[in-house]
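For chain A, the structure is supplied; the task is to place chain B on it using the hints.
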Amino acid sequence: MILRGAFFRWVLVAVPAALLPFVLFGLLSFWSFEDALLPQVEARTQIASQGLVRQLEFNAQFFGSLGDLREVGAALDSTRAAAADIAFIAVYDEAESLVAMSPAGFVLPDQVAPFGSDTSIGWRDTLAGLIDRVHQAATGIPFFDEADTTSFVAGRYLVTELTVGTGDVALGTVIAGTELALLQDVRMDIALETLTIFVAALLIGFEFVLLLILVNLVRPLEMLRFLDQRLRDRDLRFGVETNGAGSLASLVAETNRFIKHASDRAIAQGSLIFATAKGGHPATVTYPAARYIRLPLFLFFLGEALLRPALPIFLAELPSSLSIDDQTLAGLAMSMFLLTSIFGVLLGGIMAESTGIKRTVLIGMGVIALGTALHVMVQDIVSAGIARGVSGLGYGLAYAAAQLFVMRHTDKTRRTSGFSFFFVVVVAAEISGPAIGGILTDRLGTSILFMTASVSMVAGALIAAWILPSALPNLPDTDTQKPKPLKRRETNAPVALRQNARFVMLVGCFSLPGKMMLNGALFLAVPLAIADLGLNATEIGRLMMTYGVVILIVSPVLAQLADRFEAYAFYTFGGTILAAAALLLPALMPGLWPLYLSVGLFGLGQAMSVPAQMTLLLGLTERECNLLGAGVVMGRYRFYERLGSFLGPVLVGALLAVGTPNEATFALGLIALLVATVGTVFFLAVGSRDEEDAIDALLVKG
Amino acid sequence: MQTQKNSIDRRTGDTRLVIKMMLAIFVCFAASLVFVAVLTFLKFDRIYLDTYAQRYDSVAREARDVIERSLGPGMSLEGNIAGSVAINRLAEQQKGDVAILLQNLGGTVIADTPGAPEMRGTALARVDTENPNALARTMSADQFTTSAAIRNDGVSVGVVTVVFDAAPAHEALAALQARMRAAAMGLFAVFAPIFAILVFAAIFPKERLFAREAAAMRRMADGEPAKDTGLVFGATEVIADLNRPDGAAQ
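Note that the protein sequences, when read in sequence, are chains A and B.
Each residue of the first sequence is one higher than the one before, counting from -19 in the numbering used here.
Each residue of the second sequence is one higher than the one before, counting from 322 in the numbering used here.
Chain A with its partners taken away, still in its complex shape:
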C-alpha cells in the first residue's frame, strides 16, 4: 500500500513524459526528411516540365503570347503522361489568366493560389521555429536549413512554378502539382512505427524498473510484513535473507539484528510469552520471489514473438528438394517447434525436479537462443526444421521450469495471481515482439532479426542466472515447500482423466481447437494472407499487435466479470465460438481491414475463453484434482493443449496445398466452430457437474 498509490501517480506522470521525446523526435525526423525529399520531388517535376517550357517558349516566339497558342492542352497531357506523379499542370499567361490545364477542369486545392499564396502551417512553423532557436542558441547553427526551393506544399500536392520567358521577358507561368501521397504514407508509417517502438520500449523499461522495485522495495516490504507479523505474535524464531540496495534493505537487516537481540534477551529473562529458536539463533528464511522471473520470461517470450511475422515467409521461401508445396513445408517446419516443445514441456518438468528449477530455466533459454541463432545458417527447409526443433525443445524446457518456479514460490492464496503474470508477460511480449520483428525484418533482414531474438533470449537467461534464487523458499506454515514425489497411483493420470467425459470434451472441443486456431490460423495463415495482399512484414507485425492489444485491454475486465457472475462455462464456450466465427471473415470479406477485424474479434474470443478454461477445468476435474493433484491435471491439460498447437499448423499447411491462406483460415474456423458447437450442446445436455456430485448437492440442499 505504501508504494501502490505513489507508483500509479508516478506512472501517470511518467508515461506522457516518456512519450513526449519520441513524439518530438518523430516530428523533427519527419520534417528533416521532408526538407531533404521535397527538393528531389521538385527537381523531378522541373526536369519533367522542362520540355514543355521550352516548347511553350519556342512557340510563343512566333505567336507573341501564351494566350494565342493552340493545342497547349495536348502538350500538358503529354507531359503528365511522361511523369506519372504529376497530378495537374496548368499554364498561365503574363496577365495571370489560365491558358490551359491538364486534366481539363481540374479543381485546384484551396491553398493553390498561383501567385504568392500563403501556405504556412501555424503550429508547425511555431514549433520548428522554437526548436531552431534553441538549437542555434546551443550550437550556433540552426536545426533546419533554409529551404532551397521555390515550390510549396498545398494540400496533397507539391506545387512547383516554372517561368516561361524569352530573354528577360516573362511570358507566363507553368504550375505543376506533384502528388505527395507518398509523404502522407511515410508520415503515417513513421508515427505508427515510433509508437510501436515506444510501446515496446515502455514495456521493456517497465519490466526493468519493476524488477528493481521488486528487488529493492516490494520484496523487502513483504519480508518486513512477515517479520512484523512474527514479532506481533511474539515469535522470535525467524529472520530473513537480505538483499537489494537502499534503506529498506538496511531496515530488513536491522530488523533481523533486532530479532536476534530480542531473542537473546527473552532467553536470558526466561520469558514464556516469546517463542525462541533452539540455541537462540533465529533460522534464516528464504522469502518467495515468484515475480523475479517476470523480466527473464518477458525477454524469453519477446525473442520468440519477434520471429512471428517473418517466420512463415522466411520458411516458405527456403529451397527444398522435397516435392511438397512450399507453404505446406513451411507449416511442417513450424510444427517442428510445437512438436519438440511438447516433449520439452514433459522433459522440463522432470529435469526441473532432478537438476533444479533455475538450472533447467537457464538450459531451456540457452537451447532456444542457440536454436534461434541457428536460423541464420539455415540453407533449406530441412535445416530450418532442425533449427525450429531445437528452439521448440528449449522453449518447452524453459516454459515448464518457469511454471514450476512460480508454483514453488507461491502459496495457495497467491497461486492464481502468481500465474496471472505469466499471461500478462506473454501478452506484453506478443504486443511488442511481432511489431518490432516486422520493422526489423523490413529494414535489416531476417538474419539480424534472428540474431536480435537470440540476444533477447540470452539476455533473459543472463538476468535469470543473476537474479533467480537457487534455493527454494522455506516460509514456515505455508505449502511452498517441495511437494512430495508422485505416488504410484498418480502415474495413472492419463487413464483417470480420459474416463472423465467432461475433461475430454473440454480438451477436444475447446482447448485443442483454440490452440489450433491460434497457431494454425493466426500465426501461419494470416501472415501469408497479408503477404498475398502484397504487404510486408511490418503490416503482419501490426496485425499481430492488434491481437495482443485486444487481449491486454479486454482480458482484465472480462476476467473480473467472469469471476463476478461465475460464468466460466459461458465464457469458454462463447469465446471459442466467437474466435472460430472471426476466422470466417477474411474469406467472406477480402481485404486488409476485414483481416484486422477478424484478428480483433479472434483476440476477444480468446480473451474470453482462455482464462476461463482453467477455472472451468478445475471445476470439471475436482475429483481428479483431489485424487491426482491439481498440478498433474493441469500438466496433462497443457500437454493436450500443445498437441493442438502442433496440429494447427500441420492442418493449415495441408489446407494451403489446395487453397489460399484465407480459404485455409475459413476451413479451420469452420471446423472449430462445428466442434465447439458440438461441445456446447454436450455441456448443455449433461451439465458441467458430475452426476454423483449433483445428486449429493441436491441431497445436501434438501
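By construction, these hints were calculated from the structure, which means they are not laboratory data.
Honestly, I wouldn't trust all of these hints.
Stated by the list, open to error - Looking from chain B toward chain A, a few residues come up when the C-beta cut is under 7 Å (computed):
no., residue
1, 500
2, 518
3, 519
4, 542
5, 545
Said to hold, decoys possible - Now the stretches of chain B that chain A is said to cover, found in silico as 3 or more residues with beta-carbon under 8 Å:
no., region
6, 535 to 541
7, 551 to 560
The beta carbon of each residue, even a glycine, is placed where N, CA and C say it ideally should be.
Okay, now just chain B, sitting in the frame of chain A:
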C-alpha cells in the same frame, strides 16, 4: 561513527536505489531513441534513394520516345543518326548533370554523350521488354542509371540509359543522418534530467522514510528506546514486553 551514519541516513536517505533506477531508465531511454532513429533513418534512406533514382525518368522516356519515332520498319538502330543527336540534345538540356548511352541488344554502345561511363553488357536484361513503358533503375555508391527499352515495330532493338551522379544523394542522406543524430542527442540531453527528477521525486521521499525507520530499528536493536517503527510495529510491542518488570514471568 554509528551515530554519524544514523544522522546521515535520516537527513539524506540512501541514494543507491535512486541511482540504479536512473541508470535503468537512462539506458532504456537511450536505447529506444537509438532504435527509433536507426530504423526511421533506414526507412528514409530507402525512400529518398528510390525518389532520387526516379529523378531522370522523364529524360529516359523522352529519349526512348524520340529514338523510337525516328525508327521505322526495317531500319536498324546502328544506322540511325537521330539517336545520337537526340541523346546529345537531351544531355545538354540537363546541363551536363547526366550522361546518356545508346546500346543495341548485344550491349554494344552505339552512341554516348560526354562523361558516359563504360558499361559492360547491356541494361536491356533488366528492362521488362514486354511492357513498353517499363523503366529499369540501378543504384550504386557512385552512380544511378535509368534504362528504357527501345522498340521498333513492336520488337525490342536496344536500350537507352541515363546515368547520373549518386554523390548528391549520399551527401543529402549524410546531412539528414547528422540532423537526426543531433535531434536524438538533444532530446536525450533535455529529457534525461527531467526523468532523473521524476525518479528522484518518486523514490527519494520513500527512501528517507525507510532510512528513518532503519535508524529507529538500529537504535532498538542496540537496546536504546525508540518511538517510531511504523513498518515493524511488532518490534515496539516486543520491546515493551521485554521491558515490563513482569515480562519474564509471563
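Now the hints, each set against the structure:
{"no.": "1", "hint": "500", "result": "holds, 5 Å"}
{"no.": "2", "hint": "518", "result": "violated, 10 Å"}
{"no.": "3", "hint": "519", "result": "holds, 6 Å"}
{"no.": "4", "hint": "542", "result": "holds, 4 Å"}
{"no.": "5", "hint": "545", "result": "violated, 11 Å"}
{"no.": "6", "hint": "535 to 541", "result": "holds (count 4)"}
{"no.": "7", "hint": "551 to 560", "result": "holds (count 8)"}
Hint violations for this structure: numbers 2 and 5, all remaining hints satisfied.
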